[in-house]
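Engineer: Work out the full structure: start from the sequences and follow the hints.
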Amino acid sequence: DVKVTQSSRYLVKRTGEKVFLECVQDMDHENMFWYRQDPGLGLRLIYFSYDVKMKEKGDIPEGYSVSREKKERFSLILESASTNQTSMYLCASSLSAAGGNIQYFGAGTRLSVL
Amino acid sequence: EDKVVQSPLSLVVHEGDTVTLNCSYEVTNFRSLLWYKQEKKAPTFLFMLTSSGIEKKSGRLSSILDKKELSSILNITATQTGDSAIYLCAVPGLYNNNDMRFGAGTRLTVKP
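Respectively, the protein sequence lines represent chains A and B. Read in my numbering, the first sequence has 968 at position 62, and its numbers run on one by one without any break. Read in my numbering, the second sequence has 77 at position 76, and its numbers run on one by one without any break.
Bear in mind the hints are in silico, worked out from the structure with no lab data behind them. Remember, predicted model here, so these are calculated numbers, not experimental data. Hints are supplied without guarantee of correctness; some may be wrong.
Below, in silico cross-link-like pairs of lysine-lysine (DSSO-like), each with a Cα-Cα straight-line distance of 30 Å or less [stated by the list, open to error]: (1) B/K41 / B/K4; (2) A/K977 / B/K38; (3) B/K69 / B/K57; (4) A/K909 / B/K38.
Structural biologist: What follows is the structure in C-alpha cells.
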C-alpha cells in the first residue's frame, strides 16, 4: 500500500525559528513535492525534486529551502519562520510517467507561527 | 498563465441528494485532469481523465471531461455524510507533469 508519511501533524513555532518539515515515502518514487494549502487558494507548489540532490522551485519558493539527500526523504526548511508561513503543508510523491502523474499525499502538517 | 478554477467553492446538501462539481482549466499543452478527495487528512486520488466524453465511474462517483469546453464535472449520486470533503481538481502544467496546477477546491458538506 502506498505510503507518504509526514513527521508531524501539528507544529507551533515562534517567529524567527528555523523549522524542518520531514516527509518520507516508501514507494521508490522519483518525484517528491512540497505544497502549502490555504483557504481559497488551493494547493500551491513550493518546491519539487525529481531525483536525489535535485530540486526545482515551484510557484512560491521564497522563504523556503529543501533537501533531498536520499530518494525516500524530502525535507522542507523554513530558515526563519514568519507569521505568513502559517499554513497546512502537504508533501506528495509520484513516479515519473508520461500523461500525468498521480501524486500520493501525506496527511499534512498544520504549522502555526506565532 | 495556467489556471484551474473550481465551482462552487462550497456546497451544503442533504443525504440522498445528487451533486455536480465543476472544474474548468486553461493550460497550454493539456495532457490530463485529475480529481482528488480530501477529508481531514491526505488528498486521495479519485480519477484521471485524458479523453473527452468518456465517463469514469467508481461507485456513486463519476467524472467526465469536455475538452471543447475545457472543463470537467464530478458527479456524486445519493450522497452520504461520508462524502463530506474538499474535492480538488488538478491539471499538469506547461512544462512537465511535475508542474501540477490545483484548483482552490470545492468544500462539500452533506447533512444527515
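Engineer: Would you mind marking each hint as holding or not holding in the structure?
Structural biologist: Evaluated hints:
For the proposed pair B/K41 and B/K4, the alpha carbon gap of about 25 Å is at most 30 Å, so the pair holds. Among the hinted pairs, A/K977 with B/K38 is consistent with the structure: their alpha-carbon atoms are about 27 Å apart, no more than 30 Å. Restraint check for B/K69 and B/K57: satisfied, since their Cα atoms lie roughly 18 Å apart, inside the 30 Å limit. Note on A/K909 and B/K38: the hinted pairing holds, with a Cα-Cα distance of about 16 Å set against a maximum of 30 Å.
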